[in-house]
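Asker: Modelling step: build the complete structure from the supplied sequences, incorporating the hints.
Quick mapping for you: the protein sequence lines, in order, are chains R and G. The first sequence: position 209 = 208 (numbering that gives the first Met the number 0), numbered continuously. The second sequence: position 300 = 299 (numbering that gives the first Met the number 0), numbered continuously.
Be aware that a few hints might be false.
[Unchecked claim] Listed below are the simulated DSBU-like cross-link pairs for lysine-lysine, each with C-alpha atoms no more than 35 Å apart in a straight line: (1) G/Lys113 with R/Lys42; (2) G/Lys733 with R/Lys162; (3) G/Lys722 with R/Lys128; (4) R/Lys42 with G/Lys87; (5) G/Lys351 with G/Lys364; (6) G/Lys732 with R/Lys123; (7) G/Lys113 with R/Lys123; (8) G/Lys189 with G/Lys515; (9) G/Lys515 with G/Lys185; (10) G/Lys722 with R/Lys124; (11) G/Lys733 with G/Lys252.
Keep in mind the hints are simulated off the structure, nothing from the lab. Here the structure is a predicted model, which is why all the values come from computation and not from measurement.
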Amino acid sequence: MGGSASGLPREALGEYQELTFLTKQEILLAYKRFSELLPEEEKENARSVRIPKSRILTLPELRANPFRHRICRVFSTSENGDDSMSFEDFLDMLSVFSDSATSEIKSYYAFRIFDFDDDGALDKKDLEKLVNCLTGEGEESRLSNAEMEQLIENILEESDIDKDGTINLAEFQHVISRSPDFARLQRCISQEAALPGGWAKSAGPGGSSAVS
Amino acid sequence: MAAETGSAAARSAKSCKKYRTVKRHASIYTYQEPPHSNSDNDNGEEKADRHDPEQIFQNIQYQKEIMSNIRCRPWPMRQKLRALRQAKEIVLKYEGRLTRTRGYQAAGAELWRKFIRLAYNFVVIFIPWEMRIKKIESHFGSGVASYFIFLRWLFGINIVLTIMTGAFVVLPELLAGAPFGSTVSKTIPKEHIASAQDLDTIWSLGGYLQYSVLFYGYYGRDRKIGKAGYRLPLAYFLVGMAVFAYSFIILLKKMAKNSRMSLASASDENYTFCWRLFCAWDYLIGNPEAAESKAAAIVNSIREAILEEQEKTKSKNLAVTISLRIIANILVLLSLAGSIYIIYFVVDRSQKLERTKKELTLWEKNEVSVVVSLITMIAPSAFELVAALEMYHPRTTLRFQLARVLVLYLGNLYSLIIALLDKVDSMSVTDSEVNNNASNSTSFLATKTLPEENNLSTTIPDVQIQTNTTITLEDSRTTNLTVSDSLVNKTVSFDYNTQNSQDQCWETYVGQEMLKLSIIDMIFTVASILLIDFFRGLFVRYLSDCWCWDLESKFPEYGEFKIAENVLHLVYNQGMIWMGAFFSPCLPAFNVLKLIGLMYLRSWAVLTCNVPHQQVFRASRSNNFYLAMLLFMLFLCMLPTIFAIARYKPSLSCGPFSGQEKIYDIVSETIQNDFPAWFNTVITYISSPVVVLPALLLLFMLIYYLQSIARSLKFTNNQLRMKIQTERSEDKKKVVQMAVARIQNLDGSDKRPEQESDIISQESSVRSSTPRKNGSVLNFESPVSKGIRIQTISQSVAQTVPLADAARPVNTTPATSASLTPAPSIPSVQKPRSDHITNRYPSVVHGSASDLCKTKPYTPVTFKKHVEDVHSEPLFRKGIRQVNPDVVGAGTPIFVGRRPHATRYYLVNEHESRKKLLRSTSRLPRHFRMDEGGDIIELYPRNVRRYVVRTPHRMYSPHPSEEEEDDEEDLRRDLMIRTHRPRSLSDLRPAPRFYIGEHADGHVLMGKDIAKVHYKSWDDGFELGLDRPPYAYKKVHLKNVEVDQHYPEQHVKPKSKHKLEQSPTESDSVSIESSSDPQNSGNDQYIQVIHSKEKYLKPGAKLTKKKSKNGVDLSVAEPNELVCSNV
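Answerer: See the structure below:
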C-alpha cells in the first residue's frame, strides 16, 4: 500500500494512528501530499521541515476556504507566528477534519478558528469578521451595517446563554451540538470528511490507489 | 504512605480533569504545558508509589486511559506525542511489577487493539466508492455527496436483499428444483415457443425470461425439493416477508441513530442564526467556483433569515399571492389527478389490447412503463413552474416541491399497481369462468374429483383428465397436460382469445410489469443524464463563444445537480423494488446492478457537467428527511403486496403457492403438518382472540406509556434548561463580583508594575517603610485593612521564630537542597522567566541584594553561588534563600525560610497550575532549610499569602500537610501566622536598621537611608532590612508579587506580561493578596516570615525542635536585622 516508499518509519506511523483519527492509508497519503509541497531537496526530511503558510494555502482543500488563514494559525505550532506547518501540524489538521473525529474536538477547533482574536470568546468583532469571511469581499455580497447588527444581535440572543455579550466555548459547543448539520454529517463545521478525500483527489491516481 | 500516594494520584487525576476543564474554558489557548506537567506528576508519583502494586496498577490504568483518549485532546501533535511516549514508558516500566496475569491481559488487549486497527484499515479499503464520493465532496460539498452516500446505503440494502433472495429462493430452485421444461409452469407454451427468442419478446420480458427464476411463476410448488427436503414454498414466503422486515429494521435503526445524533429534531431549540453562521461553510468545498456560489448562497440565506426576522412583525395579506397559491395548488392537484388517470387508462388500454389483439406492437407492449416514466420525468418540472407562481420562500418552495413529487411518485406507483391488481381480478374471474366452463363440460365429476387431486398443477387439466380418462395421475400427467391444454384452449377459446392457463399467472404478470418499469426508468434516467446534463453541458461549453448571448449564465446554463429531486428518484426506485420483490425475486439483484450503474454515471455527470444546486438542501437535515420518505415509501409499497397476498388467491397453474386458497396458508399448513402437535396447539392459542386482543391492548398501553414518558422527559428537559440558565446567570454575577474585586486589587498591584509612576512606588515604599519605622503594630494594622492575610501577621511572629529555629538544623544541607530544587523543578515554561531573572539579576538582583546583605557580614563567595542559584531557579526568592543556606554553611549567620515555593506557587497558579504546583510540592522540603543562626527570618509576605490562598484553590500543596489542607487548614495557617507575626514584628521593629539592596550592588543602608532606599528599591523590588546584630538576619524578603511586577517593568518586559496575564486569570482571593502586597510591602515581609514558619512547621520531626528553639529565636530575632528585598 505504498508504505515502504512513504518514508515514514513504522513506529511513527503507529503513533500517528494512535494520536489521530486517521487510518494508516490516510496518514501515508497525507505524508505524500505533504512532501509534494516541499522542494526537492527537502523531501528527505519532510518530517522535520516546516512548510510556509503560502505553500500550505495552495492546497486545493484550503484554497477556497474563507477560513484558511485561521486554520493555518490555529493548527500551526510555529513559534515565530508565521503560521508555517510541520508535518505533525498538518496531521493534526487532517485528523480534526477527518470523518471519524469526535464532534467535540471538531467544535473545539471550529471555535478556535472562529475566534479571530484568540481571546477565548466570540465577541461581536469576531462574529463580524466571521460574517465577512463568509460573505466574501464583494460589494454587493457584503452585509450592510444594519444587517450585520441585526444578525449579530440575533446570534447572541440565541446562543449567549449567560448574556455576557460573548459566546464562550461551552455555549458554542452547546449550540453547535444541536445543529443537525454538525451532529449528523459533521461535515459542515469542520471540513470534516474533507481533507483525506480531498488529498486523495489531488494526489491523483497514485493517491487513490494507496487508499483504495 | 499508601494513603498519601493514593490521594496524590487522585489529586493528579482531579487536576487533570480540572486542568482540562480549565483549559476548555480558558480564554487563552496555551496547551504547551499539560502533558508535561502530567508526565512529571506521573513520574513523581511513580517513584512514590513504587512499592504499592495497587497504586502502580491504578497509575498504569490511568496512563492507559491517557493513551486511549489522547487523540481526543486538542493538543498539538508534539505534545500528544510526548504525552503518549511518557505514558507508554511509564506503563512499560511499571507493568512488569504487576502480576503476570495482568501483564498478559494487557498484552492481549494490546494485541486486540492492534488487530482492530488492522481490521479497520482493511475494511476501509473495501468501502465502495469512498474515494469517488470524497472527490465529489471536495468539489461540490457535502450536500451533493449526501446523495451519493444515500445511494451507497441503498446499494448496501439491496445487496443484503439480493443475498437473502438469492441464497434462500433462487439458488435452491436452480439447484434442486425441477428443471426447465419439466412442468407446465416451467415450459414455454407451444404457440409462444417460436417467438420466445425474439428481441421484442425478450424486451417485454416474455419468452424465456418469463419462464425463468426471474419471476414467481417459475418456482415449483413441491413442498419439498432436493434430497435434503428444502421447503421452497415456505422459504419463498418467509423470504418475501423478511425482505420487508429487514428493510424496516434497517431503516428504523438508521433513523433512530440519526435522530439520536441530532438532538435538534426532537428539541424545539432553534438556533437558526447560529447554525446559519457557524455551520454555513461547507469545508469540503475545494473548487473556487463552488466556493463562490456557496458564499453567495450563504449571503442569501443570511439575508433571508434577517428578512424573515423582520417580517415576523409585519402582517402580510396579499390577496394576489393567496389566490395565486390557490390556483397553483389546484393546478398541481389537477396534474396529479391527470397523471393518475393517464396511468390507469394506459394500463386498462393495454389489457384490452392484449385481449383483443394478437400481435402487439413494441409501443403497445411498453406503453405502460413508458408513460409512467415519462410522467415521473416531466411532472416535477411542471411542478417547479407552478411553484414559481406561488412566490413562496425558497425553502418552503423546495418542501412543497418535494412533497408534490413524492405524492406524484406514489400516485404513479399506486395507480399502476391498482390497475394491475384490477387485471388480476379479471384474471381470477377468467379463472373461475374457465372452471365453470370446465365443470360445465365435464359435468359433476369434476367437482367431486377436485378435492382429491390437489397435487395436480392445474385443476382444469385434472378435471379434464378425470373425465376423459382413468389413467393414474402420476403417470399421465405430462401427456395429459398437453391434452388438457388443448382441451381447455378449446373450451376457453370461445370466450377469450389467447388466454392460456399459464398466462393467467398474475403474480408473474405483476413482477414483469415492475421489472419492466424499473428497466424503463433506468433507461430514462440514463437518457436524461445524457441529454439534460451532458449534451447540454457540451452545448453550453463549446457554443457559448459563438452564440448571441451568454449560454453559461443565461438560458441553458449548465445543468444543476438537484439533490432533492434525485434523492426522491432514488426513493421512488427503491419503492418499485419493494413493491415487486415478492413477485420477482431477482428484482433486488437487478436493482443492485442499476444502482452501480447509476453511481458511476451520476458521479461522472456531476463531475463533468453539473454545477451545484443554488439552494442547497441541507445535507444532514435532508438526510433524515430522505430516510423518512424512504420509510414512508416502504410502508406504502408494502401495503399493495400485503394486500395482494392476503386478498387474492394465488394462481392455480404456477408458482410455489398454486393450489392454495391463500398464499399465507403455507405457514399454517407447515405448522400443522411438520411441527409437533403441541406446537400447533400453542400457535392456535396464541393466535386466538383471547391472546391477540389483550396483546394488542398491551401494545397500545405500552405505546401510550412510552409516549407519556417521552413527553415528561421533554418537560424535565425544558426545566433543566431553565435551571441551567438561571444558574449560569448567577455564576456570571459571581464572576462579575470577583472581577470587580480583582480590579480593585489590581489597582494596587497591577497598576504599579504597568503604570508604575514614581509616586506610586514611593507611596508603597512609604507605607512599607513607615510601618517598620514606627514599629510592628502599625505594619500589622495596615496589612489587615488591605489584605485578609495581613491581619494574621501579628500573631504569626511567635511561630515564625520557632520555625526559623527549626530550619537551622535543616540548613546543614542547604547547598544541596538549593541546587536540587531549582533544576528538576523548573519547567520549560519557567525557563524563560528564569532567563529573564538572570538578566535582571545582574542589574537589580534580589539574590544579589540579599546575598550582599548576607555576604557583607560573611563571605563574598557565597554571593556568587547565590547568583547562580538564582539563575537556575526561575524564582528569585528560592534562589536567594537557597543561596543563603550556603552562606550559612560558610559560617554566615543565617538565612532562612526558603520560600521560593511561594513564588512558584504564584506563578503556577496563574499560568499552568499543574506543573508548577507539582514542582512546588517537590521543592517544599527544601524550604525547610533554616539558617544556623536561626536569627534570620525570611519574610515573604506575598509568597505566603499566595501560597495559602492558592493551595486551597488548586488543591496542590507542596507539602503533604499542605495537600491535605483544606480551607480550614488555611485558616489555621492564618491563625498561626497571626500568632507569629506579632513577635516577628516586634522583634524586627526594634532593630531599625534596614539594608536595602538596590540593583546588584546591594547597598547596606542605615535605617533612615534605608527608608529612602526603599522607595527606590521598591521599583527594583529589593528591600533588605538588617536588624542589629549582623549574624542575626531576620530575613530577606522577596515579595513575589512585587518582584515579579517590578522586574518586568524595569528590566524585562516579557515577564511583566506574563504576570499581568496571570493576575487577571487568578482567582479573586489571589489577586487580592497580590494587590495588597505591593501596598503593604512592609507587612508582606512579615507575612513571609510566617510562611516560612509554617513550612518549617510542616516537617513534623523538626517542629518540636523548632519550637524549643523558637523561644531562643524570639529573643534573637528581636535584635535581628531585617533584610528586605523588594524585587
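Asker: None of the hints should be skipped; say for each whether it holds.
Answerer: Tested hints:
| no. | hint | result |
| --- | --- | --- |
| 1 | G/Lys113 with R/Lys42 | 30 Å, holds |
| 2 | G/Lys733 with R/Lys162 | 14 Å, holds |
| 3 | G/Lys722 with R/Lys128 | 33 Å, holds |
| 4 | R/Lys42 with G/Lys87 | 30 Å, holds |
| 5 | G/Lys351 with G/Lys364 | 12 Å, holds |
| 6 | G/Lys732 with R/Lys123 | 21 Å, holds |
| 7 | G/Lys113 with R/Lys123 | 47 Å, violated |
| 8 | G/Lys189 with G/Lys515 | 24 Å, holds |
| 9 | G/Lys515 with G/Lys185 | 21 Å, holds |
| 10 | G/Lys722 with R/Lys124 | 30 Å, holds |
| 11 | G/Lys733 with G/Lys252 | 46 Å, violated |
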